[in-house]
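Protein chains in written order, with the working numbering: chain F, 1 to 314; chain G, 1 to 500.
If you're looking for bench data, these hints aren't it; they were derived computationally from the structure. Computed from a predicted model, the values in this text were never measured in an experiment. Note that the Cβ used here is the ideal one computed from N, Cα and C, for glycine as well. You may find that some hints are simply not true.
[Said to hold, decoys possible] If the Cβ cut is set under 8 Å, some of the chain F residues that face chain G in the computed set are:
(1) Gly67
(2) Arg146
(3) Thr184
(4) Ala185
(5) Leu237
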Amino acid sequence: MKRRQALIASGSVLLAPGIARAAWPDREITILVAYGAGGSTDVSTRAVAAEAEKLFGVPIQIVNRTGGQGTSAPAQVATMRPDGHVMATAGMAALAILPHVLDLPYTLDSFAFLPGYARYLYGIAVPADSPITTAQELIAAGRQRRVTFAAAGAPQNVGMFELNARLRTRFAFIPFPGGAEAVTAAIGKHVDFVIQNPPEMLPALQSGRLRLIASASDARWKEFPNVPTLREQGVDLAVDSVLGLVMPRGVPADRAEILSRAFLQAARNPAVAETLSRFGMIPAPVPAADFEAMQRRAFAEFGPHLREAGLARR
Amino acid sequence: MMDGLIQGFAVLLTAQNMGLCVLGAVLGTLVGVLPGLGPATTIALLLPISLKLDPTGAIILLAGIYYGVAYGGTITSVLMRIPGEASSVVTCLDGHAMARNGRAGAALGIAAIGSFIAGTFGILGVMLLSPPLAELVIAFGPWEYAALMLAGLSLIAFFAASGVAKAALMALFGLFLGLVGLDPINGAPRFTFGVPALVDGINIAPLALGLFGLSELLFLALGKEQRAEILRPPSTLLGFMPNREEWRRSAMPIARGSVLGFLIGLLPGGGAVLASFLSYGVEKRLSKHPEQFGKGAIEGVAGPESANNSGTAGAFIPLLTLGIPANAVTALLLGALLVHGVQPGPMIMERQPELYWGVIASMYMGNVILLILNLPFVGLFVRALEVPRRFMATAILLVCVIGTWSTGLNSFDVLLAVIFGFLGFVLRRGGFDLGPLVLAYVLGPTLERSLRQALLIADGDLTEIVNHPIALGFLVVAVLVLLSGVVFRRRPAVVQDSGS
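Chain F on its own, in the form it takes in the complex (with noise of 0.2 Å):
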């Protein structure tokens, strides 16, 4: 569960003189981000901290926190002071799903939430040679026999445990520790198809290695503009997975109020719409309560998917 969760700009911005320079924040910020630079989280959070340090006037400072799957960054700022000025990123994966699987230092109600700002796209590869063509076809094989799939972790293989348990399907998790390894071994076909993001799966794309025979999100691949969505093939599934800003819970309620504006405003920007899709991201400016109310809702949804596919703790 490397980099899932990216954001962006879509229009151009309307809300031009923005927020004037107000006596807070009167020092920098720190956003933690939960994985490694150069990836697509860091990347994504880069452009939009860039965006937002115009807004604020005061520096906004990056600081990779990774480790515990993406979970050290969140864990570490739900135990800082809620002034407001520090925060850390969280998606899906941090905070809908690893909190039934591992034993974490918070919950949902240690956060306050600023606004979501990328969305990740996923794709579901074949080898080029398999003989599954449409989503449709794999779901067939699912219910014919054992088929393997490689994934770098949570959420698409959440996804797919739906699928097990809606339709009957047999796919298996093989687990990769990043996105590229999973797209390897589905290269080599150590295991039939694999679901990952488009950084790691467009090389073999391109050159023909893999076949993409759905997007595994609600919007298709501006690459593939002709590989219809999984719900468009008619399976009822949609990886959704939002990248946003977490801060300590306890912040006061004027300051949240002007980062959520500014963070919002800055998700806007189309510099940073540029930015996302050159890691194959897309544009996701939430508000901070919808960002709320959506990771609240994943997390009731996937606690069972993930206890019948015994990877919830006990």
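Following the hints, put chain G in place on chain F, whose structure we already have.
Same frame as chain F, but now just chain G:
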């Protein structure tokens, strides 16, 4: 091919790109010298700055740091028995022993020259063999990795200086240390005792710096002050160089290390650490004087130091031709390419020839720069040995603590290093080799994950391995290695990683 290379040098020979190439080599050497501060950390720090450059310049700079590190890592290993990088852990054994014998200059010299030869060989390999080798990378699945790791582990039979039983015990302990952290398949925390810093496992920095560096400190502290330990380095440049005999003994290890390191470096998860250990094991096995290993055998420096350099070049093949990063550092390079809108893949040679060939050319040039940079300083570094040992002890302590701290900015890691320091001291006192421990610690997690992935894919059917000839081949190698190391051992070839 030649046209491409000429084009590459044309790209390289601009003031900006040459400057970046030199800067990368210098930074890489520095990072290699400083324990703890690794290439991944440095490249992560420089990534935002590299965004201001064009993609070719950025990759030239970052790649320079990456392969430059493999040069610099040797220096503290030889002089202070502190591994500058994980890939130089094995160099501590014979490199430092050579320094004790007054051959520190020869150890550093042969490491630099071996690195140069291996690095250049690796780039040639990248240039000539990328497409077929990319196929090899793909052929490696979970079964193959599991078998390769087993073959790697079988090398402990050669490390078994102190007897097979002790070496096996150390290997088991190393495997156990590798278990700490999240279960690779279901994510359950194991042996973490509620310590957040252990969730991602025991970091190699506290382990290596503690076992090798801090334990050395204890030996120094408990040993009697011996002024004779201050070594008189020769005063001429040639005096620092390996002598004829040492050259002769190093030639084949460098050649074998270059090939071995290159092949291991290709494989995602293989990496320079495994390459250097494999090379050490192979050289010890092939040597006519295995009893000298651990006591200052130059083969034990020349082979591994070559292997870790050609391994860095090998990792560029899956990166550039498949878009697959083989390790954490090349993953950062991949990020740097993507940030600049460059999509690596088989088409990169046609679509971005100036980038591809520019980077290749910069790697040739970078290796030359590194050789020029490293050789003259050998004399300077060796002078550090003239420092009285009680001052040296302070330096070792400082370097180990800062090195451990800087990897994770985590005080728990420092504590862990101290624990490993005492452990290393006790184990060395008891005549246990640390080699098998570190080897098993490095290979264990990949072995476990690959084997469990393989069994998941096969739905628990272990016999499925018969359909994987490469994996079977490695298993045969593992068995042969074990037999030749354990059963048919003629002499009780005692190798010792003798402490103080």
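Status of each hint after checking the structure:
Contact between Gly67 (chain F) and chain G, as hinted, is supported at the beta carbon level, the nearest pair being about 5 Å apart and thus within 8 Å. With 8 Å as the threshold, the beta carbon of Arg146 (chain F) comes within range of chain G, its nearest partner Cβ sitting at about 6 Å, so the hint holds. For the restraint placing Thr184 (chain F) at the interface with chain G, the shortest Cβ-Cβ distance is roughly 5 Å, inside the 8 Å limit, so the hint holds. The interface hint given for Ala185 (chain F) holds, since its Cβ lies 6 Å from the closest Cβ of chain G, which is under the 8 Å cut-off.
Given the 8 Å rule on beta carbons, the hint for Leu237 (chain F) is violated: about 22 Å separates it from the nearest Cβ of chain G.
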